[in-house]
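A.B. asks: Protein sequence lines, in the order shown, are assigned to chains Z and W. Note that this note's numbering gives residue 50 to position 50 of the first sequence, counting from 1, and the numbers run on in steps of one. Note that this note's numbering gives residue 55 to position 55 of the second sequence, counting from 1, and the numbers run on in steps of one.
Any given hint could be a false lead.
To be verified - Calculated cross-link-like contacts (lysine to aspartate or glutamate; reagent style EDC-like; alpha-carbon spacing at most 20 Å): (1) Lys249/Z <-> Glu85/W; (2) Lys220/W <-> Asp234/W; (3) Lys155/W <-> Asp224/Z; (4) Lys141/W <-> Asp124/W; (5) Lys254/Z <-> Glu85/W; (6) Lys141/W <-> Glu164/Z; (7) Lys86/Z <-> Glu85/W; (8) Lys249/Z <-> Asp67/W; (9) Lys2/W <-> Glu71/W; (10) Lys270/W <-> Glu293/W; (11) Lys288/W <-> Glu161/W; (12) Lys288/W <-> Glu199/W; (13) Lys254/Z <-> Glu164/Z; (14) Lys69/W <-> Glu164/Z.
Unchecked claim - Over the 10 Å line for every Cβ pair with chain W, so calculated as not near, a few chain Z residues: (15) Tyr4; (16) Thr85; (17) Gln88; (18) Val96; (19) Glu132; (20) Gly139; (21) Asp168.
As the list claims (entries may be wrong) - If you want a taste of the chain W side facing chain Z, the calculated C-beta under 10 Å gives, among others: (22) Gly16; (23) Tyr194; (24) Lys220.
Because the hints were derived from the structure by calculation, they are not lab data. Keep in mind that this is a model prediction, so the values were computed, not measured. The beta-carbon is built from N, C-alpha and C at its ideal position, and this holds for glycine as well.
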Amino acid sequence: MINYSIAFKTIVIKEIFRFIRIWPQTLLPPAITTALYFLIFGKLIGDRIGTISGANYMDYIVPGIILMSVISHSYANVVSSFYSTKFQRNIEELLVAPIPNWVILSGYVSGGIIRGLLVGIVVALISMLFAEIKINHVGITLSIALLTATVFALAGFINAILAESFDDISIIPNFVLTPLSYLGGVFYSTDMLPGIWQIISKGNPILYMINAFRYGFIGVTDVDIQLTFIITGGFIITLIVFSLYLLHKGIGIKS
Amino acid sequence: MKALSLCNLKKIYNNGFVALKGIDLDVEAGDFFALLGPNGAGKSTAIGIISSLVNSTSGSVSIFGHDLKREQGQAKSCIGLVPQEVNFNQFDTVKSIVLNQAGYYGMPRKLALQRTEYCLRQMDLWDKRDTVSRRLSGGMKRRVMIARALVHAPKLLILDEPTAGVDIEIRRSMWKMMQEVNQQGTTIILTTHYLEEAESLCRNIAIINHGLIVENSDMKSLLARLHVEHFVLDLARPIATVPVIEGCQIERVTDLSLTVAVPKEHGLNKLFAQLSAQNIEVLSLKNKTNRLEQLFMDLVDANPVGSKPAGAK
Numbered sequence: 001m002i003n004y005s006i007a008f009k010t011i012v013i014k015e016i017f018r019f020i021r022i023w024p025q026t027l028l029p030p031a032i033t034t035a036l037y038f039l040i041f042g043k044l045i046g047d048r049i050g051t052i053s054g055a056n057y058m059d060y061i062v063p064g065i066i067l068m069s070v071i072s073h074s075y076a077n078v079v080s081s082f083y084s085t086k087f088q089r090n091i092e093e094l095l096v097a098p099i100p101n102w103v104i105l106s107g108y109v110s111g112g113i114i115r116g117l118l119v120g121i122v123v124a125l126i127s128m129l130f131a132e133i134k135i136n137h138v139g140i141t142l143s144i145a146l147l148t149a150t151v152f153a154l155a156g157f158i159n160a161i162l163a164e165s166f167d168d169i170s171i172i173p174n175f176v177l178t179p180l181s182y183l184g185g186v187f188y189s190t191d192m193l194p195g196i197w198q199i200i201s202k203g204n205p206i207l208y209m210i211n212a213f214r215y216g217f218i219g220v221t222d223v224d225i226q227l228t229f230i231i232t233g234g235f236i237i238t239l240i241v242f243s244l245y246l247l248h249k250g251i252g253i254k255s
Numbered sequence: 001m002k003a004l005s006l007c008n009l010k011k012i013y014n015n016g017f018v019a020l021k022g023i024d025l026d027v028e029a030g031d032f033f034a035l036l037g038p039n040g041a042g043k044s045t046a047i048g049i050i051s052s053l054v055n056s057t058s059g060s061v062s063i064f065g066h067d068l069k070r071e072q073g074q075a076k077s078c079i080g081l082v083p084q085e086v087n088f089n090q091f092d093t094v095k096s097i098v099l100n101q102a103g104y105y106g107m108p109r110k111l112a113l114q115r116t117e118y119c120l121r122q123m124d125l126w127d128k129r130d131t132v133s134r135r136l137s138g139g140m141k142r143r144v145m146i147a148r149a150l151v152h153a154p155k156l157l158i159l160d161e162p163t164a165g166v167d168i169e170i171r172r173s174m175w176k177m178m179q180e181v182n183q184q185g186t187t188i189i190l191t192t193h194y195l196e197e198a199e200s201l202c203r204n205i206a207i208i209n210h211g212l213i214v215e216n217s218d219m220k221s222l223l224a225r226l227h228v229e230h231f232v233l234d235l236a237r238p239i240a241t242v243p244v245i246e247g248c249q250i251e252r253v254t255d256l257s258l259t260v261a262v263p264k265e266h267g268l269n270k271l272f273a274q275l276s277a278q279n280i281e282v283l284s285l286k287n288k289t290n291r292l293e294q295l296f297m298d299l300v301d302a303n304p305v306g307s308k309p310a311g312a313k
């Protein structure tokens, strides 16, 4: 009987060592970027904006910036790691071994989640230099962070499977993730948008995640929290099924 | 017990290229088996399917009685693969490459560490265990791949051109290692372009060409089928004219050497006697080509693209 938990642990530990070994590329940049966000948007511009939904601007943007880092880093970890594994052909080590597809998927996704959450903690620590952080709903805050990291780690995995070049792994982060994150209410409330843009914004899933996360911190939200859990859960199930289908068919990884 | 059984295995790639046209092949447990064929014949595709790197179009693969589709876990556990090209993470250390592979096979940490040390020592790589793999020489990288393939003690080891591009000293040490692994009970399937390697190591052989098995027999009886052997003779004195010997075809290479095609029934004693009678003294002789190479070329040439070989499997 093969012990799959050992295979799972091996993949996860390998992934953690990978991003820790290259910490100047994986953990340092978000700390610097976040400090700049807080300095420019929070201190210099934020002081002129005043309050949004009763919260001062700095406190308002902190959750969004933390979650934006979680999103981009959980995605980036899996997409770059799994694509490199494919590119260097060391994916063959996994394909030859008696590892079921769900173990490969959960191993890589766990690596992405761990990096996403670790970066989230780093960003939260940096933000404490600029704002006083209080968490009103710990359960909602932690579960939204975990579920969001899972969604984007899964999305990164699918991107890596389908990518045929290094260009393909930067298209989604640059042209989809970053715009959706910025338009997901990190720096503003949807109430500030004109009517039609408020409706269009509701089609952006990241808006729900950021608002639910913000609700966990300061108790302010533009969306229904229950709906956020349903949307996020729906994304996770859909992405898991699609990832396993791709692995089962060997699309992008087998001839 | 069959270590490997392929039944009507076919592979058609998405671009329409038919790599395997339905091959049947059995390899007995404990065998040292050569799978030979020219480039593009279908060897790597067959090995890719056996090791789950390539999806088959149809047919079945059974490894030590476990069907590769229905009992994937058990079937895969029996296999160790040494691929043609380096495919480990070049930024990992030698030890972590082998140790991780043990983990993928579900080996507990303590046992994995023991097996890693054993395999690295066997490959003479223990001193290099903490070296980042991209700093290793080509021969060392190949040995890392062999150590990695052996770490879970597979019953079937597949070596896909393991000695390609390595110098003769390393090649010979790898031959010795392969023989030792086989003597310990591991079935080995070897693909190689060095036919003397296959001839000296393997007991049974299959030749694949244009997606079909064109020959499948034991090495001894295959070599016995060689009707004419080609030799190069080094002479003691220069010759003015090429000697004529009935039944043998002789060509001059230089004034001091000849090539001779000798039919099996003619024999070398008779040849030497006839040469002596013509006052030609032979200092030494060697095979012009490896015997298996000669047969291989005959079989491949006899089965050009599109033809169905006699007795094809």
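A.B. asks: What are the numbers of the hints that this structure violates, sorted from low to high?
C.D. replies: 1, 2, 3, 6, 10, 11, 14, 15, 16, 17, 18, 22, 23 and 24
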